[in-house]
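Colleague: Here are the chains, one letter per residue:
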Amino acid sequence: MHLRAIRSVDEMPARSGAATDLIRAEAVGVALGAAQSRQEILQDISLSVPEGAFVCLIGPSGCGKSTLLKVLAGLISPTSGRVSIAGLEPAEAARRRMVGLVFQDATLLPWKNALDNAALLLGVADKTMSRSALRDRAQQMLTLVGLGEVGHRRPDELSGGMRQRVSIARALALDPAVLLMDEPFGALDAITREVMSRSLLEIWQRTRKTIVLVTHSIDEAIYLSSQVHVLGIAPGRIVQTLDVALPYPRDEAVMERPEFIQLERRLRAALRSSHRPGETP
Amino acid sequence: MSLPSSMGLAGPPLSRWRSSTGSWLPALALSLVMLLVWEAVVRFFQVSAFIIPAPTAIAVALMREWASLADAATVTAREILVGFLASAAVGVALALLIVRFGWLGRALYPLVVLFQNVPKVALAPIFILWFGYGLAPKIGLIVVIAFFPVTLSMLAGLESVDPSLLALMRSVGTGATDILFKIRVPHSLPNLMAGLKIAATFSVIGAIVGEFAGASAGLGYVIQFASTQLDTPLVFAGLVIVSILGVGFYYVVEMLERLAVPWAPKFNTG
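Line by line, the protein sequences are chains A and B.
Take the first sequence: its position 92, counting from 1, is numbered 92 in the numbering used here, and each next residue is one higher.
Take the second sequence: its position 55, counting from 1, is numbered 55 in the numbering used here, and each next residue is one higher.
Extracted from the complex, chain A is given alone in its bound form (with noise of 0.2 Å):
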């Protein structure tokens, strides 16, 4: 059924059996506009991520699934119902760097090389650190993205799945916790995207970060994730959440699997299901 059972603050469950859910958003609601214009975005969105767990959130378009992700992120307050990272408001917790952001657009400072593009956010938020470790940490990163050898470069001499690569490195050099994506592949092109997501989950498995992205590709969900939630559309709520039973490391070859295809039907279902009836999209 697409609406889980509501859990007032009370009900919910002892601090200690949600240790291992880093995130939790409870009966989740943004609204945007005055009283008489208000517009429902998102409605009654409960989920909860295990550390460590790789989530996809796909749905149409306008569905609100970047809102959610800005929620989870602070960039949003919800209103109503309650959000945490790790027991902390988003907000505090993107502030002590626990919450890594990729967005569609690489937004790299086009002056700045690959490199200092690496180090930007960590070195506004650590002004502590030497600029010496500061490099040491992003060269690291761009290491770990698989651009170790580019740090000198300028973004107009990246291609667009590099730039998204220093875009990636920039926000794991925070050390996040969580990993909140927002259509990152969104721009690339097809190929480009096929390596990049395989890239991705190297990376997730080497650092073993906690992972939300947002998507509208099925079988980007389905390669990546170890759960997906499938959001409907006005207002925003979840409709259908898939375990998705395979066996990690995967590689392209994974998508060839009659589990695969078959979790790939029953996502297009869901997601078929999840426009308004009797609406043509």
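I should point out that these hints are in silico values taken from the structure, not numbers from a laboratory.
Just so you know, these numbers come straight off a predicted model, no measurement behind them.
All C-beta atoms in this analysis are idealised placements derived from N, C-alpha and C, irrespective of residue type, glycine included.
Be aware that a few hints might be false.
[Claimed, not checked] Some, not all, of what chain B presents toward chain A, calculated at C-beta under 10 Å:
| no. | residue |
| --- | --- |
| 1 | Met169 |
| 2 | Arg170 |
| 3 | Val172 |
| 4 | Gly175 |
| 5 | Ala176 |
| 6 | Asp178 |
| 7 | His187 |
| 8 | Ala194 |
| 9 | Ala264 |
[As the list claims (entries may be wrong)] In the SDA-like style, the derived pairs of lysine to any residue whose C-alpha atoms are separated by at most 25 Å in a straight line are:
| no. | chain 1 | residue 1 | chain 2 | residue 2 |
| --- | --- | --- | --- | --- |
| 10 | A | Lys112 | B | Ala194 |
| 11 | A | Lys112 | B | Ala77 |
| 12 | B | Lys182 | A | Met162 |
| 13 | B | Lys197 | A | Met162 |
We have chain A; now place chain B onto it with these hints.
Modeller: Leaving out everything else, chain B in the frame of chain A:
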């Protein structure tokens, strides 16, 4: 960052006419042809020199009055330079104030736009009244004419930083002043340089207008004096020097641009 992905590859369509490989030869050839036609028309129809002097007459006036023209050019160049620098300082300061302090921006911006609609040339006599006949009224006039493109273009650059990046910076606790000087200001440099190029040409106009309104030296003064003497060849000679000064000044600013913002998309003349 919404930089064009084609950056460094294909330039904008205009570059077809502005490419460095095309060089200045076509422009030079066209100028020569136009000068020849001009000379021929003036000679053929025996146009009086005080209505339209032939290019050769202008060249003669240039050489005859070379010393005084050079003196005048020095005076005007100094006005342009000081006025331009003052305009840049005022323009940048206003843009920074407007962006950094929201309430001040809301107060200042409409006034700046309103002031832009005052015909600045009409202020010249008032500036003479207030500041006399020296350098000061010219600087004042240049600043009121030339600060606006600087402010406007820099504002556009300061405000066009990707909002997601700003949200990201703020989420890790970056303060507004850090964001202004580490992100917004460098980001605005390509826009600022575009504004400064406009300000450079406006500065030349400001200096000449200032000298027309009241001066005892400078190219504007020479041009005005020559026209009262019906010495039209000297008027044109003055215009030639003003143009050379203006073009030279523009290219100095453009060279600065290339040094200051090597990462910016190139829309330059090559």
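Colleague: Each hint: holds or not?
Modeller: Here's how the hints hold up against the structure:
no.: 1; hint: Met169; verdict: holds (6 Å)
no.: 2; hint: Arg170; verdict: holds (8 Å)
no.: 3; hint: Val172; verdict: holds (4 Å)
no.: 4; hint: Gly175; verdict: holds (9 Å)
no.: 5; hint: Ala176; verdict: violated (12 Å)
no.: 6; hint: Asp178; verdict: holds (6 Å)
no.: 7; hint: His187; verdict: holds (7 Å)
no.: 8; hint: Ala194; verdict: violated (16 Å)
no.: 9; hint: Ala264; verdict: holds (8 Å)
no.: 10; hint: Lys112(A) - Ala194(B); verdict: holds (21 Å)
no.: 11; hint: Lys112(A) - Ala77(B); verdict: violated (36 Å)
no.: 12; hint: Lys182(B) - Met162(A); verdict: holds (23 Å)
no.: 13; hint: Lys197(B) - Met162(A); verdict: violated (34 Å)
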